[in-house]
Amino acid sequence: MSETSAREKLVVIGNGMAGIRTVEELLKIAPEKFDITVFGSEPYGNYNRILLSPVLAGEKTIKDIMLNDLQWYADNKITLHTGETVTEIDRKNCIVKTANGKTAKYDRLLLATGSNPFILPVPGRDLPGVISFRDIHDVDLMLAAARSGKHAVVIGGGLLGLEAANGLMKQGMRVTVVHIMDWLMERQMDEVSGAMLKKSLAEKGMQFMLKASTREIMGSQKVEGVKFADGTVLEADIVVMAVGIRPNIDLAKKVGLHCERGIVVNDTLQTFDPKIYAVGECVQHRGQTYGLVAPLFEMAKVCANHLAAYGIGMYRGSVTSTKLKVTGIDLFSAGDFTGDENCEDIVVRDASRGIYKKVVIKDNRIVGSVLYGDTIDGAWYFQLMREQTNVSDIRDKLMFGQAHLGDSGHGGNVVANMSDDTEICGCNGVCKGTIVNAITSKGLFTLEEVRMHTKASSSCGSCTGLVEQILETVLGGDYSAPESKPMCNCTEYTHEQVREFIRTQKLFSIPAVIEKLKWKNKDGCASCRPALNYYLLSTWPVECRDDPQSRFINERAHANIQKDGTYSVIPRMWGGMTTPDELRSIANVADEYGLKTVHVTGGQRIGLYGIKKQDLPVVWKKLNASGLVSGHAYGKALRTVKTCVGKEWCRFGTQDSTGIGIKLEQLTWGSWMPHKFKMAASGCPRNCAEATIKDFGVVCVDSGYELHVGGNRGVKVRATDLLCKVETEAEELEYCAAFIQLYREEARYLDRTAPWIERVGFSYIKQNIVENTKKRQQLAERFRISQQENETQIDPWVIRSTEGRDQEQFLPLKVIA
Amino acid sequence: MSNWIEVGTVQDIPKLGARVVQAPQGDIAIFRNAQDEIFALADKCPHKGGPLSQGLVHGKTVTCPMHNWKISMENGEAVAPDHGCSRVYAVKLDGEKIFLDLAK
Ligand code: SRM
Ligand SMILES: Cc1cc2nc3c(=O)[nH]c(=O)nc-3n(C[C@H](O)[C@H](O)[C@H](O)COP(=O)(O)OP(=O)(O)OC[C@H]3O[C@@H](n4cnc5c(N)ncnc54)[C@H](O)[C@@H]3O)c2cc1C
Ligand code: SF4
Ligand code: FES
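Chains A and B supply the protein sequences, listed in that same order. In this text, residue positions in the first sequence follow this note's numbering: the first is 35, and each later residue adds one. In this text, residue positions in the second sequence follow this note's numbering: the first is 795, and each later residue adds one.
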């Protein structure tokens with residue numbers, strides 16, 4: 035590469051998982067910015083270190099675990115020096131130098147030197163046959179030893195040691211695991227689960243010596259045995275040292291970078307020399323070092339962002355979880371699973387089935403969990419923990435698992451037991467085998483990447499949990515599930531952060547947001563633009579104007595697009611009521627336009643199908659004439675208000691449920707929301723209008739009205755929570771308006787009320803709507819104001835038919851005969 | 795041999811939007827992006843034939859309204875991991891006027 039290149043020079047020291055991940059992230063966002071040179075001590079491209087365990091166990095080959103082969107470096111114009119260890123950094127002149135005398139100049143330097151295995155300082159430690167478990171070379175040594183020797187001693191009963199022991203056993207060796215503590219994996223397991231783990235492994239043939247302190251490794255030419263403090267001696271052909279890792283900071287220390295246990299970095303992954311960044315196991319961030327890939331990948335993302343000079347995104351530390359990659363053993367551990375005097379434990383133990391589950395709770399939030407034997411809910415607990423969800427409402431159901439929270443059909447699947455041709459994603463027809471294949475062959479780690487490569491879970495998302503479980507089973511350890519997900523690929527900011535900016539910075543348009551927050555794509559994308567449009571309108575109902583080009587076609591055309599490009603039209607039937615006149619005009623339109631399909635929808639009204647876009651305005655005009663208006667069946671907005679006939683006719687009816695439904699619909703129609711919103715009012719607890727599966731439902735009783743919120747009957751069924759009981763219709767309308775406004779102001783775009791409530795906790799809703807009268811009134815008032823702005827309650831069909839606005843979109847630009 | 799047909803002006807198409815030209819060979823979507831560049835594609839997504847003219851325009855790409863495939867407005871190619879291509883038509887601008895060539 036020429037010295038005169040206009041690009042800046044980035045040098046990466048360490049060709050491992052964190053370093054190369056950072057390079058990949060950088061290439062995604064700023065492919066032209068740097069000439070990149072990578073130095074790696076190991077003689078390979080970049081491989082997936084996590085999968086060394088299955089390689090040792092004979093379940094995978096080295097070829098399977100390559101992430102980036104040499105061709106990838108060439109394709110991306112990266113200069114790679116393998117087998118080259120950097121030994122010097124001239125920080126003044128910005129030059130690095132390897133042991134073999136190779137040099138490279140840098141403008142920015144990235145240290146990603148990983149860690150070194152710790153070797154116990156006992157006599158005999160240097161004998162041939164003492165092996166660590168860190169890289170391909172170590173695995174080669176172990177595999178060779180397994181061919182000639184019989185006895186292996188693994189020192190260290192942690193994650194790494196047990197995976198090594200399992201692998202060696204699979205290679206036919208007799209293996210003893212030696213551990214200094216009272217139980218295995220004491221950093222991830224409590225005493226009970228540790229003992230259960232030991233029992234299962236012992237049943238597979240593994241032997242153990244606990245509370246054993248190694249004195250000496252015996253042998254003259256090579257390893258022959260191990261001697262312990264109590265005098266015991268074990269025969270050994272190899273000794274695997276897996277007693278821990280130490281961040282590899284030798285080089286950084288030598289050149290005067292500030293190090294403690296690791297290389298100290300700030301929230302943007304910079305060391306004390308601002309030209310030098312560091313990521314991976316070698317760093318210490320806010321006092322923490324990490325030994326799992328998920329946090330390293332989060333670091334990589336932030337670091338790349340700063341190298342690219344975008345300057346947004348901070349790394350704030352990670353919460354991690356662990357799994358053991360030993361086939362047939364299910365364990366999961368995360369967070370603080372021992373707790374202190376301020377914590378409570380919930381424990382379920384079923385010794386006969388070999389199941390143990392413990393969740394540690396502090397201030398109504400999960401702070402840690404250990405699961406053994408049944409780990410299906412690991413991902414769920416971990417999510418509740420990371421998102422700091424208040425679990426007081428689901429406490430009593432917590433231990434039964436997510437499947438018992440009203441999830442019909444999608445929960446409770448054990449993906450590990452599924453065959454490869456089991457369909458996981460029903461929308462895109464993606465099978466388990468395809469996903470597993472993509473994860474291993476393309477080196478995927480995150481849900482996002484699986485979506486990108488296979489489309490699984492990229493549509494309705496109901497299989498997200500399953501895909502996450504597959505990621506877990508395949509990768510074993512924690513896959514990268516960042517704590518707060520960015521809104522989309524255009525930005526690092528979360529939905530909440532963007533909303534906050536819009537509010538505090540008084541941003542009134544999409545271009546303003548994109549400019550201020552330095553979006554990567556200048557026009558945004560199909561996923562953020564509709565969200566931004568909504569956030570702007572809901573935050574500034576008076577100041578902001580709608581942007582039709584940022585709406586999905588349905589909302590832009592005020593009708594639902596069908597698979598053949600025609601549209602459906604569904605007029606509103608207030609509270610499920612209609613009249614002969616309305617029905618006549620529907621019938622006339624159907625006749626006049628030869629519409630084959632007239633469907634009674636799932637929402638108590640009538641849908642007309644197969645209308646050409648250019649005919650929409652006239653069809654609307656005809657419907658308008660009999661008083662029919664848009665039913666917003668296409669919008670993230672109020673859809674239907676289902677009712678039963680109620681007191682007027684029904685012998686059990688206690689109140690005027692139909693009238694209530696109509697009033698609710700009149701109050702709330704037209705308002706834009708994060709997602710669609712459905713209501714119902716039933717005249718008595720027989721609940722014929724199914725109010726307890728709606729976003730907001732009213733069940734009438736003799737003494738008043740029960741108000742229910744957060745129901746859903748689509749992808750995942752959820753029954754409502756009972757918000758409260760009120761006595762008058764006026765109260766009922768106020769609660770409804772307040773609830774909708776809270777949802778409008780705080781839920782993420784495309785959150786239905788059900789997932790939103792599960793995230794923030796039902797108590798939070800209750801506090802704001804029921805307990806805090808002032809807050810409720812303010813919310814209801816803000817809703818009332820926003821209903822009067824931006825033509826919210828003017829029928830969009832009338833505007834586009836009789837008033838003739840926005841005609842171009844319905845007409846062809848030109849017709850060429 | 796080119797055969798340019800005038801179909802309208804840049805102002806006739808909303809920024810980051812599209813309009814349709816009805817032609818004997820089927821509908822053709824005419825797009826306008828933020829830089830006022832004009833593109834023309836057969837109004838048929840390579841996936842299942844969705845009308846690309848009804849999608850969201852960003853950069854030089856349009857996202858299909860049906861199942862969110864992203865299609866390059868320059869060459870009609872679907873963006874990876876999807877595969878497929880929509881026919882591209884030649885367009886040129888003369889001042890504000892848009893000309894389309896159905897043969898190319
Ligand atoms: C028209 C209708 C089917 C029918 O002919 O009966 C329908 C049609 C569609 N539904 Fe629905 N849903 C219809 C009632 C329902 C119901 C029943 C109800 O409202 O009581 C449900 C379950 C109740 C619920 O929402 O909790 C329902 C749950 C869904 C879901 C899952 C939502 C969820 O949160 O789980 C989707 C997907 C989505 O919104 O992302 C969906 C999406 C859709 C879409 C918009 C799919 C799409 O993107 O094209 C369909 C539009 C077709 C069209 O052009 O009309 N539809 N959909 C119903 C319209 C009712 C109306 O009068 O407005
Ligand atoms: C057997 C095994 C199983 C694991 N299982 C899991 C798991 O299930 N889940 C999980 O999340 N994590 C697991 N891990 C941990 C995970 O692999 C590491 O956290 C991750 O690889 C660390 O990435 P890194 O880039 O910081 O370091 P590394 O991947 O170690 O990369 C550092 C590289 O830098 C090179 N290097 C160092 N100094 C220099 C120098 N001066 N010049 C040139 N090159 C240099 C090293 O040779 C090395 O190749 C496992 C690790 C092992 C060993
Ligand atoms: S109408 Fe609803 S349930 Fe029926 S196919 Fe469409 S999205 Fe699926
Ligand atoms: S038809 Fe365009 S994405 Fe399916």
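It is worth saying that the hints were derived from the structure and are not from the lab. Heads up, some of the hints might be wrong.
What the hints assert, rightly or not - Which residues of chain A face chain B? A few of them, derived with a C-beta cut under 7 angstroms, are: (1) His487; (2) Leu551; (3) Asn555; (4) Asp557; (5) Cys559; (6) Ala560; (7) Gln583; (8) Ile587; (9) Ile595; (10) Lys697; (11) Gly704; (12) Val849; (13) Ile850.
What the hints assert, rightly or not - Taking lysine-lysine and the DSSO-like style, the derived pairs with C-alpha atoms no more than 27 angstroms apart in a straight line are: (14) B:Lys809 <-> A:Lys552; (15) A:Lys710 <-> B:Lys891; (16) B:Lys838 <-> A:Lys597; (17) A:Lys94 <-> A:Lys139; (18) B:Lys809 <-> A:Lys646; (19) A:Lys597 <-> A:Lys519; (20) B:Lys809 <-> B:Lys891; (21) A:Lys67 <-> B:Lys854; (22) A:Lys800 <-> A:Lys697; (23) B:Lys854 <-> A:Lys550; (24) A:Lys540 <-> A:Lys552; (25) A:Lys62 <-> A:Lys238; (26) A:Lys848 <-> B:Lys809; (27) B:Lys864 <-> A:Lys597; (28) A:Lys656 <-> A:Lys309.
Built from N, CA and C at the ideal position, the CB exists for glycine as well.
Going through the earlier hints one by one, which of them does the structure break, listed in rising order? Hints 2, 10, 11, 15, 17, 19, 25, 28 contradicted; others consistent.
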